[in-house]
Every structure is written in C-alpha cells, then in structure tokens.
Amino acid sequence: DGGITQSPKYLFRKEGQNVTLSCEQNLNHDAMYWYRQDPGQGLRLIYYSQIVNDFQKGDIAEGYSVSREKKESFPLTVTSAQKNPTAFYLCASSTTQGNQPQHFGDGTRLSIL
Amino acid sequence: RKEVEQDPGPFNVPEGATVAFNCTYSNSASQSFFWYRQDCRKEPKLLMSVYSSGNEDGRFTAQLNRASQYISLLIRDSKLSDSATYLCVVNILTGNQFYFGTGTSLTVIP
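Line order of the protein sequences matches chains A and B. My numbering puts the first residue of the first sequence at 1, with every later residue one more than the last. My numbering puts the first residue of the second sequence at 1, with every later residue one more than the last.
With the rest of the complex left out, here is chain A (with noise of 0.2 Å):
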C-alpha cells in the first residue's frame, strides 16, 4: 500500500541533544512538508520540499534543519537551538499539481526529557 511512514511514533529529547525524526513516503510526490502541532492549536508550516534537492523554510523554521536527498525522504532535525520542541510533528506529502490534496505520516510526538 501507498503512504507515508514516520518514525519513530514517540521522541524524548535531552536538553542541547540534536535529534531527526524520519519521514519516507512511496506515493511518488515530489512535494513534502514538514508541520508542527501543539496542543489546541492549529498546524504550522517548518519546512517544505517542492522537489530532490531544493527546500524552502516555512513560518517556524528557526532551530530545525532539514535535507531531501531522495524523493522520498525528507528527514527533520530538531536542533538544540530549538528551545520549546515538545510537539506533535507532521510529515506531508503531495503531487505539484496544486488541485490534489496533502497525505499525512502519523506523525511524531516529541518530548523533552
């Protein structure tokens, strides 16, 4: 089955350590996202991948890192400088055409420990 896999389901973070949650998808999308959640809130956009080599920073991406190397992989680092990581992080994937809808991993939740 097609889909986007995200691992590990659950994060714990010490404090100054540097960690990358996984994201691989096999719907052939070119474009991939990356969102944080926080409780009671709405989606917001870190990082964003149109296609193999080229990203852009979306609204929140001061303390996190990213690489797309692959098509179908587009991992996060949440970095140390990132000082309130605890959230629920999304990875999202779609075509380029505009007119087709974002498949969602499962997601992450990241904690601090």
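Certain hints may be false.
What the hints assert, rightly or not - Here are the simulated DSSO-like pairs of lysine-lysine, each with C-alpha atoms no more than 30 Å apart in a straight line: (1) A/Lys57 / B/Lys2; (2) A/Lys83 / B/Lys42; (3) A/Lys83 / A/Lys57; (4) B/Lys42 / A/Lys9.
Claimed, not checked - A few chain A positions that, by computed beta-carbon distances, are all more than 10 Å from chain B: (5) Ser7; (6) Asn26; (7) Asn28; (8) Asp54; (9) Phe55; (10) Ala81; (11) Ala92.
In case anyone wonders, no lab produced these hints; they're calculated from the structure. Just so you know, these numbers come straight off a predicted model, no measurement behind them. Every residue, glycine too, gets a C-beta built ideally from N, C-alpha and C.
Given chain A, put chain B in place with the hints provided.
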C-alpha cells in the same frame, strides 16, 4: 491577516442533528479546497475535496463560494463517530502551498 479562518467552536450537537461549518480564505488566487478530519492525537485525514459546483459524499456536503471567499461543510444526521476536529485547507498553486485553518471542534452528544 490569516490566510484561512475558521470558527474554533466547540460545537456540541445531539445525535441526528445537522451542523454546518464555514471557513473563509483571504487569497483570491486560491485554487483548491479541502476538508480534513483530525481525531484527538492523530494525523489529519482527508474528508473531501471541495469542487466549484459543490459536492456530496453521503451525509457530508461541501460548498465553495468564490465570490465571498468561503467554503462550507454540512454534516447531516450527525453520528457519535463524527466527533472530531474539522480542518479546512486551501491550496494556492503558486509555490504549491497549503494553508490550514485552526480547526473546528465538533462533539456529537448521545
């Protein structure tokens, strides 16, 4: 000004009721429109796309009003299982960006 605005609710309705949500968008260049459903602590899942002529899927009806820049979702004969947060999403073709509303919370009461 937010790209997409929704009434956060909460909407508490009895089983069998009809409930409607509206969502307004600010960018007239918006091309595509969607409603997603998000259950507590889960990822958003596509409920339905919204087409210019309006569309229906069972108990759910979506409509688009380009002149007034809003989309709506109507749920008829509400079920307990409809309890969730409903997100409206707008896509602006330039840059292939998706803009999310903050969601409207629905609780269907027995």
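Requested in this report: Return the numbers of the hints above that this structure violates; sort them in rising order.
Outcome: Violated hint (a single one): 11; every other hint is consistent with the structure.
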